[in-house]
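Novice: Start from chain G and add chains C, W and S according to the hints.
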Amino acid sequence: MAYATLAALILATFLPFAAFLLIMIFTRTKPALSARLSVGAIAVSFVCSVLLLTQNWTAPGPVEYSTQFLASSGLNIQFGFLADQLGLLMLTIVATISLLVQIYSLGYMAGDPGFSRYYAFMSLFAWAMLSLSVSRSLLQIYIFWELVGLSSYLLIGFWYEKFSASQAGKKAFVMTRAGDVAFFLGLFVVLLNAGNLGVLELNGPAARGMPHEILTLSALLIFGGIVGKSAQFPLMTWLPDAMEGPTPVSALLHSATMVAAGVFLFARLFPFFSLSPRAMGIFLAIGTISMLLASTMAMVSRDIKRVWAYSTISQLGFMIMALAAGGYFAGVFHLTTHAGFKALLFLCSGVFIHHLETNDIYDLGRLGSRRFKIPTISIVIAAAALSGIPPLSGYFSKESIITALAGLSNPLWLLAGFVGVFLTAYYSFRVMFVMFFPKEIEPEKVHAQEPYDAGYRAMAGPLIVLAAATVLLGFFEAPLKNFLAGIIVIDLQAPEHDWSHIAALVLALCGIALAWFEFGRRGAEQVGFIDKIPPLYHLFAERWYLDHAYRLFVDLVIDRGISWLLWQNDNKVIDGTIDELAGGTVEGGRISAFLQTVMIQYRLLAIFAVLVFLAFYFFFQKI
Amino acid sequence: MNWMIAAPEIFYFAAALWFLMLSFFSKPDARREHLSSLLLASLGVLVCLASVGSQGYIFIQAFTADIFSQVFKVLLSLGLFLIIALCGNLPDVGERRIQDFYFLLFTCTLAMMLLVSAGHLLSIFVSLEVSSYSLYILVSLRKNQDFGLEAGIKYFLVGTFASGVMLFGMALLYSSSGTTYLGDMARVLPGMIDQPVVVIGLVLTLGGFFFKLAVFPFHFWAPDAYQGASNQVAAYIATVSKVAAVAVIARVVAYAGQESTYFVHVLVILSVASMTVGNLAAIAQKDLKRLLAFSTIAHSGYILIGILALNPTGWSGTIFYALALLAMKFTAFLVVVELAPEGQNLQINDLAGLHRRSPLLALALMVSLFSLAGIPPTIGFTGKFLVFVAAIERGYIALVIIAMINVVISLYYYLLVIRAAYLLEPSIELPALKPSMPIKLLAGISTGVIVAAGFFPYPLIRVAQAAAQVLLVGR
Amino acid sequence: MIVPLSHALILAAILFGLGVFCAVARRNLIMIVLGIEIMLNSASIAFVAAALRWQNLEGQTFVLFILAVAATEVSVGLAIIVYAFKRTGSFDPGNYSMLK
Amino acid sequence: MHMEPANLPYLSAILATTVAGLIAIMLIPAEKKELIRRVSAIFSGITLVISLLLFFSYDRSMGGFQFVEDFSWIPSLGIRYTNGVDGFSLPNLLLTGIVFFTGVLTMWEMETRVKEFYALYFLLVTGVFGLFMSLDLFFIFVWYDVSLFPMYLLIAVWGTTRKEYGAMKLTLYLLAGSALILPAVIFLYFKSGTGSFGFVALMQSGMSGTIAPWEQKFAFILLFLGFGILAGVWPFHTWSPVGHAAAPHAVSMVHAGVLMKIGAFGVLRVAIMLCPVGWSYWAPLMAVLAAIGIIYGAFVGLRQTDLKYVIGYSSVSHMGVVGLGLSTMSIEGLNGAVFQMFAHGIMTALLFSSIGYIYDRTHTKMVPELGGLSRVMPVASTFFILAALASMGIPGLANFWGELVVFIAAFRTYPTLGVIAVLALVVTALFMLRVVQHTFYGPVNEKFSHLQDVSFFLGIPRMILAAVLVIVGLYPSILFDVIHTASAPFINGLPK
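Protein chains in written order, with our numbering: chain G, 1 to 623; chain C, 1 to 475; chain W, 1 to 100; chain S, 1 to 496.
Next comes chain G alone, as it looks inside the complex (with noise of 0.2 Å):
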């Protein structure tokens, strides 16, 4: 039995990988070929995940093979597979989501030049991240996690002549690359401390022995890579901007799967960051502030990606909040039913976007996007869980947050999160009713039929799937949740706060009012509250002023600091002395040049003078 699992796992996570390197050398010009390698590969992975998924169901502890790597190089690295239950749960996510979105690009990517790089790229991307959620050791996750990074740069900059893309694919990977520096040296950390990077080690004994200071500080450090990776607060602007790439790229890559990595890190080393409760404090205040200041962005957008994607953020804030005060299963779940909702999201929008050719919901509104029936009916019942309407699975999943929030101490955290929720309706709600209740319309363009061809059956599928799963998953809450208590020990019996799961809802049925009331109503002019504070509205629009925080950075102390400084150390100091020295030399052989041809007198005076100088330096040296 053990055989099969290894087996299964390796096929599922090392298929795409082999997909990638036949799509890159031999079928680049093949696209039909790559794409059929491609879907296949992913679907016989997402089968064998479903297969392991049930067949651990019931399984007492986490599967676990490793062997020994780069032993000659001194050091102990584990390599290999920890398939435990949150391993196999993500995997199964990211399998499905991946299918999916292959499927839909089918339709979506018909026709562009690059369709099989694209796939190439796609499969690359399945590897890391299902490769990612099942390794055995910290190193091994860092490997992953970088490789999913160069994957996010290839494909948000997939349309490389369009210079923004290229821009936006260069700015997430420089600022994921920050990130990743920090998770580099909480490694370090960790490995010369605990003098082992295996995941289970760190959550068990290993960890004991660390001092308490070094323990926070490699806490800390190892956040800075969830921050990078999962657009958190500092670090948070390279999302937005990543929208430039395809959009079932943003449907998987920036909303489900990829962004989710930071989370699934933060519950894989739960254990081991609950041993410093001030480190999660300070998670706790990262989370806050990021899904605050994510969804007042949100507000103000009027790109429909945009507003997705600060949806996003905002989303792991609250993720990582609920991790952070201590709800491992609220964390867990609401990453599962957020990745569902927030892929079909954007898949809709792809959809409108892909047949109206334009971002701006104003717009999309006034093109009359409510004649595609499906897409319609999707997006509202992904928005309506995004805003945690039951029986949605977002209504379930944000109660347990908001359950998870009122256990803290501090009620602060709890506020923050009921105006979280007020908010996520609010903005969600607002690009409904825009969307789907525009001011004005083109008569003509309303009014065409829906086009019912090969390619929109092909995005239409995977639309209705998934908005199927928004609404079942929420039922599955109690099955996965004594799926997890495998590895933690969940108190099932957590008191019920049902006040607060009722405060939630009315919050967010007050949000959707509000934005009924200023985009749905007949004679609304559908200009949000926060459009007529302009110095307000431009803080939003500007993300904080964050982005130009690191252009002025990145211009001044970068380019125009250190390397015109050390470029000029370099030519004028370094260069210059040994030029200068060069020509010394040279303008020495000139007058030593010029002393050769003196008359004849003066050359046998010196060489008179030379004699006497050494008789003298006789007597000289002699005292």
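Where hints are given, some of them may not hold.
Which bits of chain S does chain C cover? Going by a derived footprint, with three or more residues having C-beta under 8 Å, they are [unchecked claim]:
#: 1; stretch: 71-83
#: 2; stretch: 138-151
#: 3; stretch: 157-168
#: 4; stretch: 181-188
If you're looking for bench data, these hints aren't it; they were derived computationally from the structure. It should be emphasised that the depicted structure is a prediction, and the values quoted were computed from it without experimental measurement. Built from N, CA and C at the ideal position, the CB exists for glycine as well.
Specialist: Chains C, W and S alone, transformed into the frame defined by chain G:
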């Protein structure tokens, strides 16, 4: 007293006499003179080779023949043969003076052979003067008088001045040691080396030989003599007279010089001075021969390092270096001679396009210049390496580092020459050079020797060590 | 010995100095050759004194050879200088500065 | 450190092949360009095969020097022609073989003075091969300068921007390096009292302390500065960007790919292994200079507009990582440093090879003038981007492992310098991506729209390099096992 010991000298004396007779009785014909001189020179080499093993003294040690002197005689005769091989068409020496030219060449070589095997101050003095005077006239023999004459005057004046200094030095040495035989001096001097008269006398005596080797204070004649003299004579001065100078300095210092810090300091000062002055002045040169003159001055500095080490590896290193100098300088001058059919002075930029005109000559020039610079796979590097090993054995690390820095400076101007040969394109399209078969052969062999001796120098080192043994025995 | 050797050597050294001064001071080629002659003679004095001091004839023989060599030197030197005078018309060493 | 004699003289065979190739090229008349190229390809191929053969038949379990050949050369000075290969020199030998073969193929389209180019190129590589395999200090120095011998002409005649200045500066700089090495080598020869230049004999005397501590310190600093100049140690690195930019592509491939490794290998083999006391004394200085080098290379690289200058400065940064590894005096440090030497060699060779292809087509190396090449020649751009990713240290490619192990070792001994070096990773990523973006992405400019992509044959050298990068990246213990056999016994044998 069997006369066979002095067989080489007798032969060269006869050859000189032959050309003297020719100049009186027959009409000068360049072709015939060149062939006969070539024949005589090659015979001379054979005689010297034959007499390598001969040992013994004539005129009570005034003329000593030992392995040291015989090895150097072979080098001198070989050098003469090579130079005469270059004198195929002597455009620069007038038709009328061809015979005198060869007569003087043979006399000068004869004098140098006597100098090499001289064991007595007087024989050193006389043979040195004879070789110098013949060189003064050879330098002035150039057809376009203004160059030749000026060089001749300057060479003569500095030369005689130096011989005056040498004489005074010898007088001081004689007055302190009471004997003029080098062998006796070696036994008498050790005790009193720290007396001023002895040591200054020694330094002044060496002054005369430093003139021949073009060491720092006495180097003023070299640039003008090289530039002024015709290419073949300059080649002769650069190779053969340097070898003789090294031999006599080695012998005098080995016999008379003793372990005295002052004496070593003097040699260090002179060595560093001549290296630096030579290398620096060479950077600003436009005329190729003048550049080679300054490089010779620099090389005399490196040779002095070998001498000042005063230990067996030092002597063998110096002898090997003299041999290396002969090979390197000859190849460089071969290219100079070939490139100046009318015997005119070559500017560095006249080398332009050499790699196209004649790849073999360009390669020969490059290999010889890299060897002069001391880049490893060449004989020049082995010479420098042996000399540096000797110096560091005595602990003079700073001197070796200064010498290596000088190597770097010297590479700069050698690279300028190579740049001219390989990179520059001539303004007017020059005809492809077709050197005659013997010259091609000569260039090939000499380049081969330079590189082979760089890779596998052991046979030559063994010869140098054998010669060096004699200097130690004399102590 | 009538006079200690050192006195004779000092005399020779002074004469040597004079010779050098004579060679260096005047801008005339002939005077340079003259100066060098004086230097040679100073060396002869030193040799003679040393020969007396060591009671052997080697010094004397040296002097004889110095005279002979000085003679050849003068002849060769004057030949070149006179020939140069014929061509350039002046003894001033200054105008021989073509070789740069 | 035992010496296991070879049954067949493989090592001298490599040298013989290169010399035979040199002579063969000299004999072929200059106008038969195609024939010359084929002959040089065949001979370089043979050397690659032999070095591969050596690499895989080296007995990992036994370690020490293998395939040893030993003939007396100059008995009076104790100089012997000894060749041998151990864990440190084997990867470099293989690296030289690969870079040599791919270099020959990269210059396939060159037309000017082909014969002289390949002759000098063979001479250059003979020197490099010789240095990596010789176990006699005299020969290490001789081969070091033989590789220097043709450098001036190769750059001055076939170079590109500011070629004469670059060639002159590079040659004089490297010779100045050798000006420091020779006195130190002879100094060690005398102080060791063994009366032989043999490396093993000198090493025993170095280890056993017959060379006094102050002598080891003095010799070490001289050797470190001498070889450091060639390895691009911080204050002496200014020749490398200028030299890289000026040199033709194949020469800058060998130049950056292998010649800088000679410097680092020289420091490791001659300075560290012969003067351990000196090493422990000067190690902090080495670490500081290396860390500055890493930061310096990355930051100054940001400002460059010439592609080759960018690669030049990134090489300075990567060689800083090697220097840091060497200065940590630990097994991981040495393992990481030697691994990084190999990885950086392959990566720089791939970078220069792809720049070569681009330069031959667009005749410009200035980044602002380039743009949108990825659409015009996707395959050629992929090679450059792959190499750029490797230089940023993306896992799955060779450089990552080298940097990982070096940083772990550095973090143990010099934590602050380790942190600084790791922070430089961000800046390296920034300037590499900026170059890739301006050169390959962005709108296609019309000047280059007519260019066609790299043909299969021309792609071979770049494919080999890319394949090696990926294979070593995915399975690094091919190299680590070999290097470990040399570093472990050396470090454990060190006197405390």
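Novice: For every hint, state whether the structure bears it out.
Specialist: Going through the hints against the structure:
1. 71-83: n = 5 at 8 Å, threshold three: holds.
2. 138-151: holds (count 9)
3. 157-168: That given contact holds, which follows from 3 residues of the stretch 157-168 of chain S lying within Cβ reach (below 8 Å) of chain C.
4. 181-188: holds (count 4)
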